[in-house]
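With the hints as your guide, set chain B onto chain A.
Protein chains: 2
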Amino acid sequence: MKITIIGAGNVGSHLALTLHRAGYSILQIYSRQLLNARPLAEKVGATPIHQLSAVSTESELCLLAVKDDAIEVVAQNLSAFLPKTTLLAHTSGATPSTLLSDAWANWGVFYPLQTLSKGQPADFTQIPMCIDGATPAIQQALQEIAGQISHQVHLVNDEQRATLHLAAVFINNFTNAMLQASHTLTEEAQLPREILSPLLQATIQKGTRQEPRMAQTGPAIRRDQQTIERHLRQLANHPELSTVYKAITSYIQTF
Amino acid sequence: MKITIIGAGNVGSHLALTLHRAGYSILQIYSRQLLNARPLAEKVGATPIHQLSAVSTESELCLLAVKDDAIEVVAQNLSAFLPKTTLLAHTSGATPSTLLSDAWANWGVFYPLQTLSKGQPADFTQIPMCIDGATPAIQQALQEIAGQISHQVHLVNDEQRATLHLAAVFINNFTNAMLQASHTLTEEAQLPREILSPLLQATIQKGTRQEPRMAQTGPAIRRDQQTIERHLRQLANHPELSTVYKAITSYIQTF
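Quick mapping for you: the protein sequence lines, in order, are chains A and B.
Residue numbering for the first sequence follows the UniProt record's numbering, beginning at 1 and increasing consecutively.
Residue numbering for the second sequence follows the UniProt record's numbering, beginning at 1 and increasing consecutively.
Because the hints were derived from the structure by calculation, they are not lab data.
One thing to keep in mind: the hints can contain errors.
Any copy will do: because identical chains look the same in the list, a pair fits if it lies in one copy or spans two.
Below are the DSS-like pairs computed for lysine-lysine, each with C-alpha atoms no more than 27 Å apart in a straight line [as the list claims (entries may be wrong)]:
#1 Lys-206 - Lys-67
#2 Lys-43 - Lys-67
#3 Lys-206 - Lys-118
#4 Lys-67 - Lys-246
#5 Lys-2 - Lys-206
#6 Lys-2 - Lys-84
#7 Lys-67 - Lys-84
Isolated chain A, as found in the complex (with noise of 0.2 Å):
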């Protein structure tokens, strides 16, 4: 299968090279600056090219991998250089596939749940590749690619990822704040920093071996009333903390 990928960001990038290794010939590589996508194509034999105009019509699918603003546009413009046959896909969590089913007949979705860095290996076997499509065949197009290079795919329908963007944000976005949070706290005590990475290993293992909030802990879910209005008032300093300590606190009385 002939693939064309637009754009030679993270996750361009990312893709680019993991499918290039898992056999597949990458016709071309578009960034909008030429220099950005040559080294990228030079790796995987394709040619770089920076105007829309130039896509092959070769392509048999062109991954989307442009930031989730472009996504319509460029499915758009790139409907005037391709056959409607040309299969469709992005790359986005954030976005429903509305955004290209209004330009285009095959479309597809092919969104690897990971925060990537450009520069850093990922190993993609561990990746879930989310998939969704135009029809049962394109899904299971998409599939069949997914599967060479991931042990975790998944048929996510709009909704489904929509929901799996925003339970990514609290996995991911709102963790890293709680692990700032403590790193603030341990620093202004003058506590060196790995004193809570032992806690902070205990946690994820115990909240990822049965349903979290069978794990839970702590004052909040005790209700001890003394605790937390101590905890509170060491926060005076942090408005903002404090906030996120009284909103997590009733959020865990819940369960």
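What follows is chain B alone, placed relative to chain A:
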């Protein structure tokens, strides 16, 4: 050194077993119910007792592993039966040392910073031991004992320990709540549980290798208001989660 352990719960059990294995002589195990003290006492070759008046005056170290609320009154009661030269240490993260020092000259703190469950083995070598004491000699004595069971021993004063306890709430209680939030969302969308596991693993890796705020991604830090508003609409049926979402989003925007 002869040690008496007051309390046969999670912390008392783990400390008795671990100190016994490290070669310390455990004289007595106290529990209000003799039935609770007996099995643990047998394992470590100690005498089970259920009355504070039975505490041995030969104890050189008396470790208080009772509930936070009980520490003050047990310390006061023990002062009627133990010589003032006995070293009395509590094992609590949340309790200031003043609750001991009011009744006791030779007070100390011997706090294992970890979430412990009775019956589940814990590798104490990886558990940070937080030490405090009335005098440098007591601090040194407790640091030496802690060093026999753990690779991580820290001298931590009352104020630092209070901060540590609060930071532990963020890293354990609140992180676990984030896991529960994403679990609830993916379950409602009928997605398999393991789909977010790789993202959680990458989150912890990235957030512990550097200052977590440097690893922050997502709509909050990007100030992507459209996505934030879409997420809040998705949370319409989860008012507590909606409040959590807003609070953490505001906090991230202070990074």
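For each hint, the structure was consulted:
1. Lys-206 - Lys-67: between (36 Å within a copy, 23 Å between copies)
2. Lys-43 - Lys-67: Only inside one copy: Lys-43 and Lys-67 sit 23 Å apart there, 62 Å across copies, limit 27 Å.
3. Lys-206 - Lys-118: between (32 Å within a copy, 14 Å between copies)
4. Lys-67 - Lys-246: between (35 Å within a copy, 24 Å between copies)
5. Lys-2 - Lys-206: neither (45 Å within a copy, 34 Å between copies)
6. Lys-2 - Lys-84: This pair counts as within: shortest intra-copy Cα distance 16 Å, inter-copy 83 Å.
7. Lys-67 - Lys-84: within (23 Å within a copy, 70 Å between copies)
The structure does not agree with numbered hint 5 stated previously, though it agrees with all others.
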